[in-house]
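Given the coordinates of chain A, assemble chain B onto it according to the supplied hints.
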Amino acid sequence: MKAENYMNLEFLSKSSNESFARVAVAGFAAQLDPTLDEIGDIKTAVSEAVTNAIVHAYPDRLGKISIKTKIYEGKVLEIVVRDWGRGIENIEQARQPLFTTGGEERSGMGFTIMESFMDKLTVRSTPERGTTVTMRKKISVRLSDRL
Amino acid sequence: MEVLTKSSDRNLTIRLEGELDHHGAKKSMRELERAVESALPLSATLDFSGVTFMDSSGIAVVLRVLRRMRELGGTLKLTKVPPQAKKVFDAAGISQMLTIE
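Those protein sequence lines, which keep their order, are chains A and B.
Each residue of the first sequence is one higher than the last, beginning at 1 in our numbering.
Each residue of the second sequence is one higher than the last, beginning at 148 in our numbering.
Just so you know, these hints were derived from the structure itself, not from any lab.
Bear in mind that the values here come from a model prediction, so they are computed numbers and not experimental data.
Where is the CB? At the ideal position from N, CA and C, for every residue including glycine.
A hint or two may mislead.
What the hints assert, rightly or not - Sample of chain B residues at the chain A side, in silico, Cβ under 7 Å:
#1 E166
#2 S196
#3 T199
#4 S203
#5 I206
What the hints assert, rightly or not - To be clear about the criterion: a stretch of chain A counts as covered by chain B if any three or more of its residues have a C-beta under 8 Å from a C-beta of chain B, and this derived list gives those stretches:
#6 50 to 60
#7 72 to 82
Excised from the complex, chain B in its bound form:
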């Protein structure tokens, strides 16, 4: 699991690459948190185009970022979510809690 970040003017884009399972999430959670803490964004985007597989571990990761963004008074958006990951978000009922494109 790779985490690639880009930020400017308190806009943060994080591109996730690889398999977002428990193994991948363990490794990437800290990097994601570090990216959010150093950018303190008002708008964050998680780009899922490089995610080849996701299970419920991905939900925990997204909810953690969402919670922090709400504390910062910012927004979180997910983009380019592949069908398999989208199905997991839908089954967990969290698609309504945030913007998924």
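Excised from the complex, chain A in its bound form:
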């Protein structure tokens, strides 16, 4: 499937970039005329994926995070968050609600929230090579789309 539009971002794994990352993706998605609720879902899911990369991929150093966002026919938004960090040994376990290796500061709900706020979530990871999180969401068709 050919993308109708795309936007790529690359930034350092500093927690001060979390806000920038979700606002940038939400800004790109704005052309799909999402509802406020859908914008909230997109921002939240991006925030979770980026925070995972900052906290878990690069626990003791700064590294590169990239976000590739594409728009496909039918108002489908695809967001790919990638890092080149430590990787996840057991993806199934990491996706379980409340599972975390992040201590008391983390709730272990990141993947659960990405899953519930987006339509599709795929996680690929290789230990010591990095992790790629792919999320898709279909933005609702509104009356204004048909005018």
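Frame of chain A; chain B shown alone:
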């Protein structure tokens, strides 16, 4: 992320302002703990009216305060939770664990 506290007669109200993400939570967690330890409240209220964004980092913050309040034999209530933050609490299934207004 700003943390504004007000307490009297072991009632503590904490107003959170700004974005409660991992970056904001890192900064505010210590202030929240300090507020709870100095007030040792029997009733604590987290006022979310000033929270412009929240992700799962906010859940960790709330659960930490909830755990401490239970140790103190007190109660925790969340008020004025905006829809985006409410949706995160609901998705995490913690809405049943405390009072959200």
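Taking the hints in turn, this is what the structure says about them:
1. E166: 6 Å, holds
2. S196: Since the shortest Cβ distance to chain A is 16 Å, the answer is violated.
3. T199: Interface hint status for B:T199: violated (10 Å vs cutoff 7 Å).
4. S203: 4 Å, holds
5. I206: Hint on B:I206: holds, closest Cβ of chain A at ~4 Å, below 7 Å.
6. 50 to 60: holds (count 3)
7. 72 to 82: Our answer is that it is violated, as 0 residues pass the Cβ test (under 8 Å) against chain B, missing three.
In the structure shown, a violation is registered for the earlier hints numbered 2, 3 and 7, in ascending order.
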